[in-house]
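First to last, the sequence lines map onto chains A and B.
For the first sequence, the residue numbers in full-length UniProt numbering are 1 to 541.
For the second sequence, the residue numbers in full-length UniProt numbering are 1 to 541.
For the record, the hints were derived by calculation from the structure and aren't laboratory data.
Take these hints with a grain of salt, some might be off.
Where chains are identical, the list cannot tell them apart; a pair therefore holds if satisfied intra-copy or between any two copies.
[What the hints assert, rightly or not] Taking lysine to aspartate or glutamate and the DMTMM-like style, the derived pairs with C-alpha atoms no more than 25 Å apart in a straight line are: (1) Lys268 / Asp166; (2) Lys369 / Asp168; (3) Lys298 / Glu321; (4) Lys369 / Glu27; (5) Lys538 / Glu343; (6) Lys369 / Glu7; (7) Lys63 / Asp101; (8) Lys63 / Glu7; (9) Lys63 / Glu411; (10) Lys298 / Asp346; (11) Lys298 / Glu343; (12) Lys538 / Glu475; (13) Lys63 / Glu149; (14) Lys524 / Glu258; (15) Lys369 / Asp47; (16) Lys487 / Glu424; (17) Lys316 / Asp166; (18) Lys268 / Glu343.
Bear in mind that the values here come from a model prediction, so they are computed numbers and not experimental data.
For reference, the chains in residue letters:
Number of protein chains: 2
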Amino acid sequence: MHGLMQEWPLVCHKIIDFAALQHPGREVVSRSVEGPIVRTTYSDVRDRSLKIAQLLAREGFRKGDRIATLAWNTALHLEAWYGIMGAGGVYHTLNPRLFPDQIAWIMNHAEDRAIFVDLSFVPIVEKIASQVPTLKKIIVMTDAAHMPETVLENVVCYEDWLSGADGDFAWVDVGENDACGMCYTSGTTGDPKGVLYSHRSNVLHAMMAALPDAMGVGARDVILPVVPMFHANAWGLGQTAPMIGAKLVMPGGRMDGESIYELLDAEKVTFTAAVPTVWLMLLQYLEQTGNKLPHLTKVVIGGAACPRAITEKFEKVYDVEVVHAWGMTEMSPLGSLCTMKPEYADRTGDRLMDIKQKQGPAPFGVEMKITDDAGNDLPWDGKTFGRLKVRGPAVASSYYGGAGAEQFDDEGWFDTGDVAHIDEFGYMQITDRSKDVIKSGGEWISTIDLENLAVGHPDVAEAAVIGVAHPKWDERPLLVIVKKDGKSPAKNDILSFMEGKIAKWWLPDDVAFVDEIPHTATGKIKKTALRKQFADYKLPA
Amino acid sequence: MHGLMQEWPLVCHKIIDFAALQHPGREVVSRSVEGPIVRTTYSDVRDRSLKIAQLLAREGFRKGDRIATLAWNTALHLEAWYGIMGAGGVYHTLNPRLFPDQIAWIMNHAEDRAIFVDLSFVPIVEKIASQVPTLKKIIVMTDAAHMPETVLENVVCYEDWLSGADGDFAWVDVGENDACGMCYTSGTTGDPKGVLYSHRSNVLHAMMAALPDAMGVGARDVILPVVPMFHANAWGLGQTAPMIGAKLVMPGGRMDGESIYELLDAEKVTFTAAVPTVWLMLLQYLEQTGNKLPHLTKVVIGGAACPRAITEKFEKVYDVEVVHAWGMTEMSPLGSLCTMKPEYADRTGDRLMDIKQKQGPAPFGVEMKITDDAGNDLPWDGKTFGRLKVRGPAVASSYYGGAGAEQFDDEGWFDTGDVAHIDEFGYMQITDRSKDVIKSGGEWISTIDLENLAVGHPDVAEAAVIGVAHPKWDERPLLVIVKKDGKSPAKNDILSFMEGKIAKWWLPDDVAFVDEIPHTATGKIKKTALRKQFADYKLPA
Ligand SMILES: Nc1ncnc2c1ncn2[C@@H]1O[C@H](COP(=O)(O)OP(=O)(O)OP(=O)(O)O)[C@@H](O)[C@H]1O
Ligand SMILES: Nc1ncnc2c1ncn2[C@@H]1O[C@H](COP(=O)(O)OP(=O)(O)OP(=O)(O)O)[C@@H](O)[C@H]1O
Ligand SMILES: [Mg+2]
Ligand SMILES: [Mg+2]
């Protein structure tokens with residue numbers, strides 16, 4: 001027997017409809033790609049999205065068509081999202097920091113039919129357009145005055161194009177399980193894999209994200225998503241902010257400390273989110289200038305483990321609450337957020353910082369477990385680590401095109417590829433990637449723990465640990481070090497610094513010094529490249 | 001093209017699974033029906049729910065079976081909910097304040113197959129069991145020591161019964177659109193109508209309810225639902241609290257000021273919710289004793305318009321935030337919550353109280369509009385009032401058995417039967433019920449406005465306004481008054497008190513004094529009865 005409740009599909013256009021009805025005048029402030037700060041509202045964003053949808057439909061784009069965006073975070077990019085979804089299409093965010101060839105590879109894999117592109121990225125599209133045969137239309141997101149000369153065909157100037165629509169259009173009818181968005185993983189461990197979000201997953205993720213113990217944001221917040229819309233769905237903020245009616249502040253292409261500070265201050269931002277490296281730049285800038293953060297109350301930090309020093313600076317010096325979060329493109333992306341349950345709520349000082357090193361508990365809507373290689377559940381004791389597996393309505397069920405099928409089991413669990421432990425109160429901590437963890441004599445060694453320890457040495461600028469083959473133990477850790485300018489520590493200096501702080505058998509067998517450690521386009525250490533570099537490396541006997 | 005996201009149905013047992021996994025030790029504290037305070041946890045609640053589900057399945061209860069509860073708010077009642085839902089059944093809450101015949105009528109209408117009953121309500125079941133032929137099993141929620149002698153057949157003692165299960169059971173497989181709960185409306189305007197909740201509607205409602213601008217509750221909250229589980233689904237708190245991992249404090253059958261205060265204080269309650277009359281009793285008690293509310297931060301008040309004096313006392317004297325809410329059994333029940341958007345956020349004092357008289361904006365998941373009788377949209381100007389219509393995933397699509405079909409239109413809008421205006425920032429205010437509003441010469445007069453005004457007179461204890469037939473104007477208002485003890489105001493005293501405070505043509509044509517105004521089982525003025533009482537009444541010429 002079914003309940004007698006309304007069919008009200010969870011579709012994304014309801015989010016922008018809601019924002020335009022309940023929060024029509026709420027501002028969306030952008031640092032435009034052309035330079036100036038531009039102010040608009042949810043009501044305008046909706047009006048212009050409707051026009052985009054109308055134009056796309058008129059020009060023959062159909063339900064399910066992938067339409068790429070290559071753009072910074074601005075109101076225009078947000079309009080493009082809702083316009084594409086409103087036409088029944090699938091917004092496909094591209095990371096402009098990838099090499100043009102990688103972008104072309106991803107576009108071909110997704111079979112993108114059109115692209116919305118920022119002025120600054122027109123040169124990229126000029127390089128690759130001919131390699132992407134499905135691409136039928138290029139919309140340069142600027143006005144006539146700024147429209148560049150280009151050799152591209154089928155190109156239009158966004159504002160001119162929009163002026164051809166009157167917005168007298170109804171959102172294309174879609175079901176909640178229809179695809180609406182697409183994002184490829186960062187490609188840290190191999191080829192990027194395509195994740196295809198549905199309307200339902202985006203709406204549910206946005207609700208989960210707004211909950212008090214997740215991001216905890218409401219209409220009185222002013223939200224600055226520094227995390228790019230092309231990085232894991234902007235952590236859902238493009239849906240969450242209009243759903244709750246929060247003012248949005250979009251940083252455009254400038255994410256240096258000064259530019260971010262300017263927005264935080266001028267727009268009285270209360271909530272912001274980004275990867276650790278962005279915050280390093282901001283904190284450095286604040287230290288140099290002596291500026292403070294009187295309006296900001298909360299910062300979500302994730303995408304990579306948040307160094308303790310960043311958390312401490314924010315909380316102790318600037319009185320800003322840090323929420324350490326873990327997520328994946330495959331999870332829309334939020335998987336856990338380290339907010340305090342009553343069990344930890346009265347902690348302060350160092351004891352609180354200890355907890356904030358963890359990636360935290362999963363909110364309702366994310367099921368989590370850790371298993372050994374054979375799939376047996378492991379205990380939640382805060383020590384035993386294993387493969388981290390998840391289930392939920394905003395978790396991928398497969399990759400676009402069928403890659404990585406082995407990561408999905410028949411009970412619906414997705415193997416995240418991360419290795420973690422979970423404590424008795426449900427607080428998860430990432431200890432490694434399963435492709436990076438070192439298997440030494442049947443036991444696991446966390447490379448992240450070793451790296452965190454090594455960078456604590458005063459002469460070390462960056463550290464990476466990889467496993468190298470060992471005749472007796474299968475694998476043993478090699479520590480790769482970039483020295484700080486003007487320093488030249490000996491191998492043994494570093495090893496004896498580490499000794500006693502970890503189990504003896506975890507101590508790296510050797511230290512190698514390099515000028516640079518390879519990184520991905522999202523700034524993560526690229527261990528695949530590092531392993532290639534040290535493929536012929538022989539450990540000392 | 002579908003998204004490639006997991007199928008993860010929104011079913012209620014996931015809520016209690018989540019609570020037991022992520023918040024196993026979180027307390028559920030009850031004032032038991034037997035008297036003492038009883039402490040349990042979400043982990044226990046889940047274990048015992050599993051046993052209930054196991055027993056119900058073993059005894060032949062099947063998916064979709066309605067299983068009644070006649071009980072106060074306690075952990076046992078909560079276990080019964082999750083046990084019934086976990087067996088694929090439909091919990092059907094009964095209001096013990098109804099006359100036994102009304103309860104029997106509702107049970108027969110729902111065709112309840114079993115009932116979980118509190119010790120205190122066994123006499124009611126004894127009276128009606130023979131009138132409900134579908135009823136196959138009666139579970140008295142107590143232990144052997146307290147089990148009463150009873151003439152009832154097919155009766156078991158809850159704790160004895162539970163001891164026959166080992167909990168080795170998997171929740172019965174249900175889809176998210178399957179029915180899981182049922183509640184009849186209060187019967188204020190006619191026969192009670194059955195609302196059939198689905199798993200999906202309950203889960204989505206719980207998420208909506210927890211959002212920062214709705215109830216805004218999290219794991220560090222201690223939630224006391226004074227609003228009964230048999231009244232409109234306990235405003236969703238039986239799902240919301242475990243979903244967010246908040247400690248629950250259940251008041252049992254004692255809702256007087258002293259008993260509620262005891263729990264608020266001893267359990268350090270941070271959040272509570274109930275109808276205005278409960279808060280009147282508490283505030284009176286606090287005034288008499290001089291006690292304060294140091295732990296409580298927020299109280300949600302709804303079910304009937306919240307008098308300004310209550311809001312002011314809570315906010316100004318006890319520093320507790322009042323959230324005025326509107327809802328209906330048909331809406332699971334939350335429809336709007338008067339929290340502050342930025343447009344009103346800097347108001348203080350009387351100007352803030354003015355806003356808190358409104359029932360507030362709708363959260364995401366509730367669409368709202370006002371129309372005239374012909375169905376034309378009315379403007380959101382804070383003055384023009386009309387029929388309030390809603391849509392949403394937790395709004396009924398029809399009544400059980402098909403009553404009231406005229407309230408549902410073909411675009412999915414449900415006519416709430418309430419009359420309201422909405423202001424430019426989306427703040428809704430109820431002005432009347434459509435069955436009560438007085439149509440005088442084609443224009444509408446709000447009976448609630450007149451009543452609120454009349455009770456402001458120092459000699460008036462209670463006031464109700466009804467329309468009576470008028471040869472020229474169709475209907476004109478009659479003011480019915482219960483005088484305060486020892487006071488005897490003249491008709492004209494009251495009318496001249498009202499004059500000048502409302503449009504002249506709104507002034508009641510007459511005043512009638514009565515000893516008592518009839519009320520429903522949920523404490524609302526029963527205007528149907530009052531209209532009957534004054535059916536032959538002739539207005540003065
Ligand atoms: N707070 C965090 N602490 C540690 N690691 C994190 C954190 N947040 C995210 N990560 C890492 O980032 C990963 C998700 O990143 P993303 O989806 O951008 O692609 P990727 O995993 O880096 O690339 P690919 O899957 O293509 O190899 C997680 O699986 C985890 O390894
Ligand atoms: N904050 C509020 N202010 C004014 N009225 C309210 C408020 N909250 C609820 N109500 C009234 O209560 C109604 C919902 O109550 P409920 O579902 O318990 O049944 P009922 O409408 O009283 O009974 P029935 O539908 O059987 O006549 C709303 O439609 C509205 O009239
Ligand atoms: Mg990955
Ligand atoms: Mg009603």
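For each hint, the structure was consulted:
Taking the shortest Cα distances, Lys268 and Asp166 never come within 25 Å of each other, neither inside one copy (35 Å) nor across copies (57 Å). For the identical chains of this complex, Lys369 and Asp168 are inter-copy neighbours only, at 21 Å across copies versus 49 Å inside a copy, given an alpha-carbon limit of 25 Å. For a Cα distance limit of 25 Å, the shortest separation of Lys298 from Glu321 qualifies both inside one copy, at 5 Å, and across copies, at 22 Å. In this homomeric assembly, Lys369 and Glu27 come within 25 Å of each other (Cα to Cα) only across copies, at 24 Å, whereas the closest approach inside a single copy is 41 Å.
Neither within a single protomer nor between protomers do Lys538 and Glu343 lie at most 25 Å apart by alpha-carbon distance, with minima of 48 Å and 67 Å respectively. For the identical chains of this complex, Lys369 and Glu7 are inter-copy neighbours only, at 18 Å across copies versus 33 Å inside a copy, given an alpha-carbon limit of 25 Å. Neither within a single protomer nor between protomers do Lys63 and Asp101 lie at most 25 Å apart by alpha-carbon distance, with minima of 28 Å and 55 Å respectively. For a Cα distance limit of 25 Å, the shortest separation of Lys63 from Glu7 qualifies both inside one copy, at 21 Å, and across copies, at 21 Å.
Taking the shortest Cα distances, Lys63 and Glu411 sit within 25 Å of each other only across copies (23 Å), while inside one copy they are farther apart (30 Å). Within a single copy, Lys298 and Asp346 get their C-alpha atoms as close as 18 Å, and across copies as close as 21 Å, so both meet the 25 Å cut-off. Taking CA atoms no more than 25 Å apart as the test, Lys298 paired with Glu343 passes in both settings, with 21 Å inside one copy and 22 Å between copies. For the homomeric pair Lys538 and Glu475, the shortest alpha-carbon distance inside one copy (12 Å) is at most 25 Å, but the shortest distance between copies (98 Å) is not.
With identical chains, the CA atoms of Lys63 and Glu149 are never at most 25 Å apart, being 32 Å at best within one copy and 66 Å at best between copies. For a Cα distance limit of 25 Å, the shortest separation of Lys524 from Glu258 inside one copy, 23 Å, qualifies, whereas the shortest one across copies, 59 Å, does not. In this homomeric assembly, Lys369 and Asp47 come within 25 Å of each other (Cα to Cα) only across copies, at 20 Å, whereas the closest approach inside a single copy is 44 Å. Within a single copy, Lys487 and Glu424 get their C-alpha atoms no closer than 42 Å, and across copies no closer than 64 Å, so neither meets the 25 Å cut-off.
Neither within a single protomer nor between protomers do Lys316 and Asp166 lie at most 25 Å apart by alpha-carbon distance, with minima of 52 Å and 51 Å respectively. When the C-alpha separation of Lys268 and Glu343 is checked against a cutoff of 25 Å, the pair qualifies only between copies, where the shortest distance is 16 Å, while the shortest distance within a copy is 33 Å.
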